[in-house]
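Q: In case you want the letters, here they are:
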Amino acid sequence: MVESRTRSAASPDLPHPSGDPRFALIDRTLKRFRFQQDALIEVLHTAQEAFGFLEEDLLIYVARQLKLPLSWVYGVATFYHFFSLQPQGEHNCIVCMGTACYVKRAAEIVAALQTAYGIEAGQTTPDGMLSITAARCLGSCGLAPVLIVDGQVLARETPETAIAAVQLAIEASAAAGNGRSSQLDDSYDEEGDL
Amino acid sequence: MKRSDLQAMARRELERQQAVRCRLLCCASTPCLSSGAATVQQALEQAVTDNKLDAEVAVVSTGCMGPCSRGPMVTVQVAGQEDIYYENVTPESAQRIVVEHVMANQPVAEKIMPSDLPFFAKQHKIVLANSGLIDPERLEDYVARDGYSALAHALREMTPEEVCAEISKSGLRGRGGAGYPTGLKWDLVRKAPGEKKYVIANGDEGDPGAYMDRTLMESDPHRLLEGMAIAGYAVGADQGFLYVRGEYPIAAKRLEKAIRTAERRGLLGSRVLESSFSFRIDIRIGAGAFVCGEETALMASIMGRRGQPTPRPPYPAQSGLWECPTLINNVETFGNIVPIIAHGADWFASVGTAKSKGSKIFALAGKVDTTGLIEVPMGITLREVIYDIGGGVGEGHTFKAAQTGGPSGGCIPAEHLDTPMDYESLRALGAIMGSGGLIVMDNASCMPDVAKFFMEFCTDESCGKCVPCRVGTVQMHRILERITNGSATAADLQILEELCTMVQETSLCGLGQSAPNPVLSTLRFYREEYEAHIQRRECPAGVCKMTEAPTLALMEALPRRIRELGTIPMSLA
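Which chain is which? The protein sequence lines are H and G, in order. Each residue of the first sequence is one higher than the one before, starting from 10 at the first, in the working numbering. Each residue of the second sequence is one higher than the one before, starting from 253 at the first, in the working numbering.
If you're looking for bench data, these hints aren't it; they were derived computationally from the structure. Possibly wrong hints are sitting among the right ones.
[Said to hold, decoys possible] Listed next, the stretches of chain G that the computed footprint assigns to chain H, with coverage defined by at least 3 CB atoms under 8 Å from CB atoms of chain H: (1) 455-463; (2) 473-484; (3) 537-545; (4) 585-596.
[To be verified] To spell it out: a stretch of chain H is covered by chain G in this simulated footprint if at least three of its residues, at any positions, have a beta carbon under 8 Å from a beta carbon of chain G; those stretches are: (5) 27-36; (6) 48-62; (7) 169-177.
[To be verified] In the EDC-like style, the derived pairs of lysine to aspartate or glutamate whose C-alpha atoms are separated by at most 20 Å in a straight line are: (8) G:K363 / G:D335; (9) G:K505 / G:E515; (10) G:K448 / H:D47; (11) G:K505 / H:E58.
Just so it is clear, CB atoms sit at the ideal spot from N, CA and C, and this is done for glycine as well.
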């Protein structure tokens with residue numbers, strides 16, 4: 010691939026001009042892997058955790074720091090399903106579409122959610138409130154069909170209960186003011202939201 | 253840490269465990285946690301404190317106990333009595349378990365899951381022997397059950413050649429699906445020239461419907477690390493990578509903790525158990541690509557690249573990570589190493605069939621009464637698994653098919669229920685052992701629709717490198733779409749079969765080569781369903797909506813209509 014595996018120890022290591030503290034998290038991962046180009050996926054994981062999604066500016070920054078062509082970084086970021094180049098909704102609803110869930114009619118849940126919120130799986134509502142994602146398999150096949158609403162796993166769902174659960178999540182944050190502010194914390198705080 | 257320190261640690265831990273009168277084991281693996289196991293454990297702890305039982309009762313969070321659909325599960329261990337399993341435990345019943353069972357010795361009858369059920373009796377736990385009995389986050393729990401003594405034994409009393417020979421003798425075959433003899437692979441890597449070698453554990457369990465690897469990583473992380481370290485010693489590697497699927501955060505967290513603990517105690521890292529052998533393990537988190545289950549794609553992903561496979565040879569055993577000889581095995585395969593070294597190859601080979609030794613973990617799901625994770629001896633029949641262990645498909649439903657091997661596998665119909673589950677028998681039926689997903693379908697499932705589901709999966713997950721897979725899967729998916737919406741013709745079926753052969757024979761990697769399997773196996777056993785969709789435009793299972801008209805038939809009918817009318821119908825002009 011690209012020239013060498015490890016960059017020399019005297020890397021430029023320039024902080025991002027915006028001064029956004031979240032870049033410090035990326036820098037930490039970069040340092041942990043000693044700016045090795047092989048660590049690209051690890052760095053992108055950190056970047057997405059810190060920012061919620063990978064905007065172009067972020068990809069440019071990572072490419073610079075690892076001395077990789079931007080096309081290479083873009084190629085990796087778009088190859089893997091885990092990385093998102095679009096901002097995600099404030100709430101997210103992941104519907105498992107694994108075989109066990111499919112056999113137990115998960116497709117009907119997706120269809121019902123699509124009708125209710127007017128977006129396809131993989132999209133976010135125009136007001137940025139909700140993203141619907143279809144997952145490959147969440148590995149909770151014994152509880153099929155499975156749904157994850159804002160990090161909370163819900164088992165044995167039907168189209169009706171699924172919509173009710175999503176609605177509850179949206180209304181709860183609306184009632185609590187402005188929902189969650191930071192995406193840094195990926196643990197779901199039940200008490201805070203309900 | 254030396255071997256004697258290990259034994260001292262085990263002794264101390266056993267004494268600690270025997271000091272309490274009763275242990276309440278609470279399952280904390282993903283399915284039980286989703287059903288509320290965390291609140292159940294809190295309720296148990298609260299009840300123990302409220303009743304001032306802290307000195308004599310211990311509440312322990314453990315790994316998976318198996319019957320996931322009946323979770324949250326709690327096991328009560330009282331000294332001198334048989335373990336009692338409780339199912340569907342709620343915070344209220346947790347309270348009752350403490351008050352009635354622990355204090356008054358009156359088990360809560362209505363929540364008991366009888367331990368003589370075939371679900372437990374027909375299983376044979378080798379890999380999952382510790383799962384559900386130990387706290388995965390405590391090294392001491394693992395050491396108390398002879399953990400790391402197999403590694404100590406291998407390092408002190410066996411040469412790398414002997415370790416490889418022992419694994420070969422056991423007849424262990426790769427549990428990732430293909431069933432390549434593990435000992436042979438180890439020996440290839442051992443003999444491969446090169447200073448630097450690597451060991452990789454493949455925990456990128458992408459098959460929808462399979463979660464054996466996750467459970468093993470979550471429930472008994474140290475066994476996996478010990479297995480990898482033994483492999484490292486056998487092949488001469490000093491660096492291991494654990495590739496964990498991105499969707500498994502709990503597994504990654506527990507493994508991370510296990511690695512840190514083991515390194516601190518000198519069980520991993522430099523000079524393992526004060527020998528000259530050093531072995532480091534690093535975790536790599538996957539980023540969501542099914543193709544990364546393929547070994548060359550997985551290695552590309554570890555090296556930070558797109559997960560695209562490369563042609564073999566060279567095999568990873570000769571040239572893998574950074575062109576060094578690399579041993580890559582499935583997580584479950586590594587889970588078998590410790591028992592083989594600890595109990596001997598002959599003991600392991602006494603379980604299973606002539607060509608498939610040992611046990612296999614299956615994730616039993618779909619339309620069966622009790623779903624969950626089971627470990628059964630190789631050669632058990634499908635009927636025993638579904639009707640005895642799983643408890644059948646339930647009143648008023650008829651068994652239709654069992655799907656093994658996910659998108660690379662096939663469907664097994666009712667007439668083959670007595671097939672023994674081993675690598676060769678399943679392959680003869682056009683299915684594969686796969687990583688162990690086993691999904692039961694009843695009459696409500698439409699086979700062309702199931703084939704379409706898997707083909708959509710492969711279309712989406714094809715990495716796009718080779719043409720047969722990238723284009724072929726899309727074409728097959730379109731035909732299946734037409735079959736399930738009523739617009740297919742007899743010619744479509746023929747093209748579908750031709751495409752299956754072409755994609756199977758010409759794709760670069762396993763993903764493409766096996767992508768047609770779900771179609772081929774359903775065509776083989778349920779051809780009449782395809783024909784009903786095409787000829788009569790009806791779906792026997794009532795799943796497909798049949799909204800479209802057959803396109804080709806319309807084209808054939810058009811000239812006749814024009815002759816009849818003497819003009820082109822207005823609707824088509």
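Q: At least three residues with a C-beta closer than 8 Å to a C-beta of chain G: is that true for the stretch 48-62 of chain H?
A: It holds: at least three residues are needed, and the stretch 48-62 of chain H offers 6 whose Cβ sits within less than 8 Å of chain G.
Q: How about the stretch 27-36 of chain H: do at least three of its residues have a C-beta closer than 8 Å to a C-beta of chain G?
A: As far as the stretch 27-36 of chain H goes, the hint is violated, because 0 residues have Cβ atoms under 8 Å from chain G.
Q: Is the straight-line distance between the alpha-carbon of G:K363 and that of G:D335 20 Å or less?
A: Distance ~14 Å between G:K363 and G:D335 Cα, so the pair holds.
Q: Verify the proposed pairing of G:K505 with H:E58, using a straight-line Cα cut of 20 Å.
A: Holds - the C-alpha atoms of H:E58 and G:K505 are around 16 Å apart, at most 20 Å.
Q: Count the residues of the stretch 585-596 of chain G with a beta-carbon closer than 8 Å to any beta-carbon of chain H: does the count reach three?
A: violated (count 0)
Q: Go check the stretch 473-484 of chain G versus chain H for me, would you? Three or more residues, Cβ under 8 Å, otherwise it fails.
A: Answer violated; 0 residues pass the 8 Å Cβ test.
Q: At least three residues with a C-beta closer than 8 Å to a C-beta of chain H: is that true for the stretch 455-463 of chain G?
A: holds (count 7)
Q: Counting residues of the stretch 537-545 of chain G that have a beta-carbon nearer than 8 Å to any beta-carbon of chain H, does the count reach 3?
A: holds (count 6)
Q: Hint check: G:K448 vs H:D47, CA-CA at most 20 Å. Holds or violated?
A: holds, 17 Å
Q: Quickly compare the C-alpha distance for G:K505 and G:E515 to 20 Å and report which way the hint goes.
A: The hint holds at about 16 Å.
Q: Three residues or more, CB to CB closer than 8 Å: is that satisfied between the stretch 169-177 of chain H and chain G?
A: Violated - the stretch 169-177 of chain H has 0 residues with a Cβ nearer than 8 Å to chain G, which falls short of three.
Going through the hint list in order, the structure does not satisfy hints 2, 4, 5 and 7.
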